[in-house]
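**Student:** Chain A is fixed; fit chain B onto it per the hints.
Protein chains: 2
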Amino acid sequence: MPSSPVPLPALGLIGFGAFGRLVAAHLAPLFSLRVHDPFAPDSAFAAAGLARCSLAEAAACPVVILATPVSTLAAVVRDVAPHLQPGALVLDVGSVKVRPAQIMRAGLPPGIDIVATHPLFGPQSARDGLRGLKIAVCPVRGDKAGRVGAFLRRALGLTVILTTPEAHDREAAAVQGLTHLIAKVLVAMEPLPTRMTTRSFDLVIQAVGMVRHDAPEVYHAIERENPYAAEVRRRFFDLAAEMDGALEDVETARAPA
Amino acid sequence: MPSSPVPLPALGLIGFGAFGRLVAAHLAPLFSLRVHDPFAPDSAFAAAGLARCSLAEAAACPVVILATPVSTLAAVVRDVAPHLQPGALVLDVGSVKVRPAQIMRAGLPPGIDIVATHPLFGPQSARDGLRGLKIAVCPVRGDKAGRVGAFLRRALGLTVILTTPEAHDREAAAVQGLTHLIAKVLVAMEPLPTRMTTRSFDLVIQAVGMVRHDAPEVYHAIERENPYAAEVRRRFFDLAAEMDGALEDVETARAPA
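Chains as they are written, first to last, in this note's numbering: chain A, -13 to 243; chain B, -13 to 243.
So here's chain A without its partners, still in its complex pose:
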């Protein structure tokens, strides 16, 4: 294919961990990427065919994606802010949305548009492409969320869920909180059977396999940075304890006197 006569628009990507690399792989054909991550190895840049950029270069693009752990977002926003161009659009991709939206609103200058996103997938679930995978999109400042959603739908084939940080975190607390709790318990019980398995057990194990290699930062964000996660955990553990008690009572009642 001949190179496009129109130069690709520049896009800054701050953070080149597992998720940043997935973003880069899918946006490389559509944007001229400027990637900044002082901690990512040269091999990661070489594998992606990308040059290492300074924070200033990456942050000066018209669109900047922050793909760093939620726990570092406040520091990253502080570092990025002075380099942003007026009218730029900043997006994050964290697993929770209430705190990142607050951090970005508080830390980014007034002229900057902000859209908070949560791609509801990771490198595992995106192995066979992005088509049909879900992404939550929350307008935080400015009016670009609709255009971001349209781009994600048309250019990447994603299913876009337009929502608020609060509504997102409420649902994600159950969806991701429960999946990760169950995965943690089952991984701790390994080795588990692989031969005499049922279809439903196979599905649960497949689900565990999709999240068990998630970066620890993802688990941390889901369980710690989501304001509704503690409540979901509380219900899960209370119901488990209740069921345990009910089964124990019957055991005791059945035991010979």
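Since the hints were derived computationally from the structure, they do not count as laboratory data.
From the three backbone atoms N, C-alpha and C, an ideal C-beta is built for every residue, glycine too.
Any given hint might turn out to be false.
Unchecked claim - Simulated pairs of lysine to aspartate or glutamate, EDC-like, Cα-Cα distance not exceeding 20 Å:
1) B:K170 <-> A:D188
2) B:K170 <-> B:E217
3) B:K170 <-> A:D230
4) A:K170 <-> B:D230
5) A:K120 <-> B:D188
6) B:K120 <-> A:E157
7) A:K170 <-> B:E228
8) B:K170 <-> B:D224
9) A:K170 <-> B:D188
10) A:K170 <-> B:E217
11) B:K170 <-> A:E217
12) A:K170 <-> B:E234
13) A:K170 <-> A:E203
14) A:K170 <-> B:D224
15) A:K120 <-> A:E157
Unchecked claim - Residues from chain A that face chain B, not an exhaustive set, calculated with beta carbons under 7 Å:
16) E43
17) V190
18) A193
**Tutor:** Relative to the frame of chain A, chain B by itself:
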């Protein structure tokens, strides 16, 4: 298709609940079925195109399948025993194997061959046919387990796992015990999100959907009649409590003084 010149061999089926009906649907083309179940409604017999048989008629067949809840097996074996023909083969289909094998060995006359089986599927997972689904087959008395396995493989397309009741129950305690525990907790937490879901959460919910409508007898057999189930539950609940404690400690450490 013209009716076969050779009459189909007779097969007795004791129990016409959800699983007995699944057995009948798949064996009807290959056997002349004699089904006994005083509690199954006329409509079930009519839907299957089968006549209601007496216990004596069903039990007098050369092959007899006991498809009643594990908790009633001792009573069923006692009732069936006097009607069995010398050299007959009796099979069960319960979700656990140690107790049913003991009950059948103790209650069926010496001349009767016994094979204990556990089809690792139910009406839900068998909706699209039996091919590739798993069945555990345990020889209990006599030498017919190999032929039973070959039949299940060739005629029904099942994947046959030849094992012992003890080895079966050890694996099933984890496979079925965990699936059902997780399903019970998640069903108790409903309504759960359906919109902002991840692929791994969708898989877990699909697994829950496959077991949530299982007869209460199945859950009872899995949690109560499997000698290893209590140990698996203990580990699951202990690990859940441990994780709960670890997360609480951090919460406490983080809380403002």
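**Student:** Does the structure break any of the earlier hints, and which numbers would those be?
**Tutor:** The structure breaks hints 6, 16; every other hint is satisfied.
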